[in-house]
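Enquirer: Just so you know, the sequences run in chain order R and B.
Residue numbers for the first sequence, in the numbering used here: 126 to 552.
Residue numbers for the second sequence, in the numbering used here: 449 to 817.
Each hint should be verified, as a subset may be incorrect.
Below, a list of computed lysine to aspartate or glutamate pairs in the DMTMM-like style, where the Cα atoms sit at most 20 Å apart [unchecked claim]: (1) B:Lys706 with B:Glu789; (2) B:Lys706 with B:Glu530; (3) R:Lys452 with R:Glu531; (4) R:Lys452 with B:Glu789; (5) R:Lys382 with R:Asp372; (6) R:Lys204 with R:Glu533; (7) B:Lys673 with R:Asp465; (8) B:Lys567 with B:Glu578; (9) R:Lys502 with R:Asp455; (10) R:Lys287 with B:Asp479; (11) R:Lys452 with R:Glu505; (12) B:Lys762 with B:Asp735; (13) R:Lys452 with R:Glu533; (14) R:Lys254 with R:Asp363; (15) R:Lys287 with B:Glu481; (16) B:Lys762 with B:Glu728; (17) B:Lys673 with R:Glu468; (18) R:Lys287 with B:Asp736; (19) B:Lys567 with B:Glu600; (20) R:Lys452 with R:Glu468; (21) R:Lys452 with B:Asp788; (22) R:Lys287 with B:Asp735; (23) R:Lys244 with R:Asp363; (24) R:Lys287 with B:Asp739; (25) R:Lys452 with R:Glu498; (26) R:Lys502 with R:Glu533; (27) B:Lys673 with R:Asp509.
Derived from the structure by calculation, the hints contain no laboratory data.
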Amino acid sequence: MLWSIIRFAANGWITKLYIEPQFFFSYYGFEWVQPLGQWTYLLFVICGLSSIFVAIGYKYRWSIIVFFLSFTYIELMDKTTYLNHYYFISILSFLMIFLPANAYFSVDAWQNEKIRSQKVPTWTIGSIKLLLGIVYFYAGLAKLNSDWLFEAMPLQIWLPAKYSIPILGDLLQQTWVHYLFAWSGAIYDLTIPFLLLYKRTRTIAFILVVIFHVLTRVLFPIGMFPYIMIASALIFFDSGLHNSILDKISGWLRITKSLFDNGSIYEYPKKWIQKASLSIIAVFFVLQLLIPFRYMLYPGELFWTEEGYRFSWRVMLMEKAGYANFKVVDPENDQRFYVDNTEFLTRFQEKQMSSQPDFILEYAHFLEDHYQEQGIKDPEIYVDSYVALNGRRSQPYVDPNVDLTEIEPSLKHRTWLLPFDDEIKGL
Amino acid sequence: MKKYTVLLFIVFFAWSCSDNGPSGPNPDDFDREAILVNWGDNIIVPSFTDLSEATAQLHTSAETFSASPTLQNLETLRGSWESAYLAFQHVSMFEMGEAMQLRYRDNLNIYPTDTTEIKQNITEGGYDLELPSLNNSQGFPALDYLIHGLSENDTEIVSYYTTNSDAQNYRTYLTDLTLRIDTLTDQVLDSWTSGYRDEFVNNSGNGANSSLDMMVNDYIYYYEKHLRAGKIGIPAGVFSGSPLSSHVEAYYSEGFSKALFNEALSASINFFNGTHFEGEADGQSLDDYLDYLNTMKDGADLTSIINNQFQDAKNEAQALNDNFAAQVETDNNLMLGTYDELQRNVVNMKVDMLQALNINVDYVDADGD
Chain R
126 MLWSIIRFAA NGWITKLYIE PQFFFSYYGF EWVQPLGQWT YLLFVICGLS SIFVAIGYKY
186 RWSIIVFFLS FTYIELMDKT TYLNHYYFIS ILSFLMIFLP ANAYFSVDAW QNEKIRSQKV
246 PTWTIGSIKL LLGIVYFYAG LAKLNSDWLF EAMPLQIWLP AKYSIPILGD LLQQTWVHYL
306 FAWSGAIYDL TIPFLLLYKR TRTIAFILVV IFHVLTRVLF PIGMFPYIMI ASALIFFDSG
366 LHNSILDKIS GWLRITKSLF DNGSIYEYPK KWIQKASLSI IAVFFVLQLL IPFRYMLYPG
426 ELFWTEEGYR FSWRVMLMEK AGYANFKVVD PENDQRFYVD NTEFLTRFQE KQMSSQPDFI
486 LEYAHFLEDH YQEQGIKDPE IYVDSYVALN GRRSQPYVDP NVDLTEIEPS LKHRTWLLPF
546 DDEIKGL
Chain B
449 MKKYTVLLFI VFFAWSCSDN GPSGPNPDDF DREAILVNWG DNIIVPSFTD LSEATAQLHT
509 SAETFSASPT LQNLETLRGS WESAYLAFQH VSMFEMGEAM QLRYRDNLNI YPTDTTEIKQ
569 NITEGGYDLE LPSLNNSQGF PALDYLIHGL SENDTEIVSY YTTNSDAQNY RTYLTDLTLR
629 IDTLTDQVLD SWTSGYRDEF VNNSGNGANS SLDMMVNDYI YYYEKHLRAG KIGIPAGVFS
689 GSPLSSHVEA YYSEGFSKAL FNEALSASIN FFNGTHFEGE ADGQSLDDYL DYLNTMKDGA
749 DLTSIINNQF QDAKNEAQAL NDNFAAQVET DNNLMLGTYD ELQRNVVNMK VDMLQALNIN
809 VDYVDADGD
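For reference, chain B alone in the conformation it holds in the complex (with noise of 0.2 Å):
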């Protein structure tokens, strides 16, 4: 017995004695926390920072037009409305914490929207855009329907909001849809600010409920449905066997289509590469990670094989038509191209990148078999 005992603070010893050893990398060469640190600081929270003043301008756009519809104050508003739909972007991926519960995303930047119900909650008012059944005639894509879809001509769709019967009600849902977009942008940052962004880098641990886990999580289910199915894949007929070009983003501005997405894939590929927001300073993430963990075990080289694969589909996208619609219409074989190369990287991160990373989909026990 006493041998056991002995040989058994050996092994201990040798354990606790082990940090000096030549082998292997050092653990001090890589900090998690540090990617954390970084998606929240010099992504999540600028990003949302500059979307807040995005949306806080559309609204004071559309309180302007408004107040006076004229032509000149449309295409001021349409201006904003851009340059929001396109912030937005950057920060669509990022649906946790507080945005998580408020369900941002579906409120957003559900599309196609129901214009029949936008006509009706205009027509008949008393509309709750709190509710989960109203998320599909708000948000940007309902904007784009009003500001856009009305009619084929500009001093037509002005008419709606000054001489139509129901112009009065026309105004207000047009500055209640800019202001819901407004307060919830408002309210996802704040929490980021006070207090959500520690919490967000203090959660550092492994596991399926820590920030690396569920950010990366989010990130790849962002990718896969909202990037390459909603923008492309939907419209171009992947899971419906033809095109649907009324599915594209920003329908009724037709030509919008094509700039959301490369804005959305630029904001994917620097989240992953934790390029900073809106500058080129390469901060920890994903990249360096997986480097990390290839020093260990020479694998292949994933960061390169994602990062090219990434350009293969901006690439593709290039030749693609500003306007999807009338790109799956004309030759939708070009946004085929671009699916699969996109879909190319679903596999690269969903199957090669998870498993380097041994992320956990879901919490439920597996023992791995």
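Excised from the complex, chain R in its bound form (with noise of 0.2 Å):
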């Protein structure tokens, strides 16, 4: 995590994202969450700093905590940076608040006897292999839709773009490499869980992950991800394994590791903190379950409306390319203009509001306040879009006969989309 975070500094990315924008894309109902300024440049400092605090557990609690919220925090902030893997991380993160995960090899346990235990509760680890297992089979399940499994798309475009890479680059190239890949995907999705749970097959899943992820790596740009899942994977593993490499550890750093080795099993201080630890995990997962499917309660087609397409693991799954171009009307004199969209949104920006109906409307309402404060009182503001989905011919994607300044954000389905002139099967 820690080198998530100075990866992120390293490359100038917090300047670029959080301090140039004139204008941020809130979440709906976080709109308060705002950069900082330059104390944005702190709170990167204090995630980084919990982080370590986390890793070498010294205060747990309070450094998780801390680590969780800094680190949402930073996501909420602006959500064209938005990726499923920071949301995993925000919700492993929310979910270890309610772990032990001090209990053994932590300083806390080498400063508190209390704590030093050497086994703890099964559902706790239980409770981290079920949250892997759900991203894992609900990118599989979102991956089960005509355009992954019979367009082979977006994967048609994306691979042939990576021509330059050594050995796969050619093979890259063919159209039944495509399918391969879309096909075995799916399949990895749906089963490493379950191959990683038994033990028979674990090494051989494991393997897996580690090909699938570092495939994955090589080809598209996700960052830290792989080696997040690669590294979180050896959860799935028996104590032997866990065990040899902090022996190793603690030959590196000469810790006396069999300090730890007390034979105990960790207990929580309260019994009621056990229980409500329990209770809100169990109310954690039921959510878990239930939100990447709040989709069914939208008409429409999801990837075209983007209504519950969020928070729900679907991970790679289309290619959108978008063009808006907003109108502002002051129907006072009936002057109108355009707006050059580069004056307010970086490239990165522009290109995510373009093709997602909530930045759309977030900027149009931006649109409305900026030009009010320039003088026209009541501005209308119309958008001319189109929008590209996997392959398919760019079509109309607002209604352009739709003022924007008269709809509010909400979670209502957004009856101002034109329909989407395809369909897409599946789930």
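Using the hints, build the complex out of the two chains.
Expert: Right under this line is the structure:
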């Protein structure tokens, strides 16, 4: 995690993403989360420090809470950068708040005999396994759609462009390779949690995990995610492997690991804390199981409307490109003009905005405020927009006759989008 | 365990001998590096070479006029300015490498030019043209003002360089501007001929920093911002509500803006199709790449769609007045019509083409959702 933060800072992304833009896209309900100007750097420092403390298990409970809050705050600042794996880290750290991850081989356990225990209740580890299982399995379910399986889309667009990768580059030009990747990816996601659970298939499953994620690392710009998933998958192994890894680390750092091997089982300090933790975790998982299916509450094609697309492990499923040209009308004198998006948004923000309806709406409201300050009393804002999905020709997206200032952001179905003139079958 | 290892080997074996597989197009059919070679050798370097000759000529004409400010020499200078300005339209889109470092385009072609600042520079002297704040008092637009805009009357324009109390300063400023245009152009050309061409061609990988991705991004950015908006949209008032005739390119020349636009549009079309500079030969470019990718997924024929749209824009622009300032003042609808046609290709290129080529917009992680 610390590495992730350092990588972020090293790439100059803090400045580029959170300081430079004039405007940030907020999540519905979290509009109050805004970058803190120069203090944003401090936030990243706090997040980095807390991740070190979590790793060494020092003041664990506080550290993980601080980490969860600071990391989630960072993610909530601008949804332009939304990535499924950042969400994964957020909810994983939330889950870990309630788990005794400092019971063994940690500074806390070394200092405090009460915490020190060789074993923790099975359900604590089980909960992390379950979360990982959900991520994989739901990602697999989401791949069961006609674009992915029968058109090999969007892989068909992505893979040929990776022509310069050694050895694989030429293969990626072959149509059958696109289908092979699509089908094996779907089967992998659906089966890997189970293969990892059973002892007999575990080693081979882990090899598959490594191959799969190294491949995705090579092919796609998805940052730390592959490494995180590979490391996380180790949790499926039993304590034998973990102990030998820790033995190695102890050797390097000259720590007496045997101090922790006291044979005791971790107990929460109070019965009610354990009960509360368990019930929070139970509710958490019910939500995790349900949230990805919320799209069923909406009519229309999910990929087109994106109602219920985020937070549901739909990873690498679509290639969507858009173009949105905003028209401002002053009804008082019937003056009309178009907006130059580059005046307000970075190139990356513009790209993300132009194909996602909630971004379009939020930006329209930002423009309304901006032009009100400029002296237009009641500006009307229309958008001329086109979106191309998974290699289809671009088609008009938002209804160009709808004044977006009249529409308030909400979780209701968006009637102001034009229908998608094709069908994608599947989950 | 053994069983799985065997299985794994079979999968890898199947993979590795797939080269003889019958399905799919042959990967050797398409060579992306050939596009870069064609762009570099047949379009970019020849265009800069041509411009470099034109800017040298421009500077010579300015020096001649400065030494002997006559009506005749003013005409010659105007001719050289027009040739160089037209030649510039062929390189304006290549804002990369040395050109990007120098912010070449900003130095040469920011309009409307700042006439107050120009006058101030001339009367006070001591200006540093390398300052970004002086970008809008130099380049082709500033020259336009100095050779067309000082007065309605040519004799009076010449008098600024002869009898005016600051005549000496006017002459110096004029040649300082032409020298700077010439020097910057040579700097960019030199970098291309002394190494950057190879760097450009060898950077043939994929990813946001590859030559192909950067070039296509720059090309679309140029088309959208400088061609569509700068030359047509802004003067037509698309972004402001009412026409802004003073924002046309080459405003003071009163009649050269359409020629510049046509040249720039042709340059954009040639780049898309890989047509050699000042030639008919058709080299490898985006059109061929799109055709190749289309053999895999038989989608819409983007090459024809984009080329037809270019043609529509060209046709629509034919009816425009040679002087765009006059056009927006008399009948702005024609100008808006041209804008709409240009706009359609922004969608075709920015949405459909970028998706087909799978070109990244910027260097940030994104997992496509």
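Enquirer: If a hint holds in the structure, say so; if it does not, say that too.
Expert: Cross-check of the supplied hints:
1. B:Lys706 with B:Glu789: 16 Å, holds
2. B:Lys706 with B:Glu530: 12 Å, holds
3. R:Lys452 with R:Glu531: The hint holds at about 14 Å.
4. R:Lys452 with B:Glu789: 17 Å, holds
5. R:Lys382 with R:Asp372: Roughly 7 Å between the alpha carbons, so the hint for Lys382 (chain R) and Asp372 (chain R) holds.
6. R:Lys204 with R:Glu533: 18 Å, holds
7. B:Lys673 with R:Asp465: 9 Å, holds
8. B:Lys567 with B:Glu578: Within the cut-off at roughly 17 Å; holds.
9. R:Lys502 with R:Asp455: 8 Å, holds
10. R:Lys287 with B:Asp479: 13 Å, holds
11. R:Lys452 with R:Glu505: Holds, because 8 Å separates the two Cα atoms, which is no more than 20 Å.
12. B:Lys762 with B:Asp735: Cα-Cα ~18 Å, so holds.
13. R:Lys452 with R:Glu533: 18 Å, holds
14. R:Lys254 with R:Asp363: 12 Å, holds
15. R:Lys287 with B:Glu481: With Cα atoms ~13 Å apart, Lys287 (chain R) and Glu481 (chain B) stay inside 20 Å; holds.
16. B:Lys762 with B:Glu728: Within the cut-off at roughly 18 Å; holds.
17. B:Lys673 with R:Glu468: This hinted pair holds, its Cα atoms lying about 11 Å apart.
18. R:Lys287 with B:Asp736: 18 Å, holds
19. B:Lys567 with B:Glu600: Status holds; Cα separation ~17 Å.
20. R:Lys452 with R:Glu468: With a Cα-Cα distance of about 14 Å, the restraint between Lys452 (chain R) and Glu468 (chain R) holds, given a limit of 20 Å.
21. R:Lys452 with B:Asp788: Measuring from Cα to Cα gives roughly 13 Å; hence the hint holds.
22. R:Lys287 with B:Asp735: 19 Å, holds
23. R:Lys244 with R:Asp363: Distance of about 12 Å is within 20 Å: holds.
24. R:Lys287 with B:Asp739: 17 Å, holds
25. R:Lys452 with R:Glu498: Holds. Lys452 (chain R) to Glu498 (chain R) sits at ~17 Å (cutoff 20 Å).
26. R:Lys502 with R:Glu533: 18 Å, holds
27. B:Lys673 with R:Asp509: 17 Å, holds
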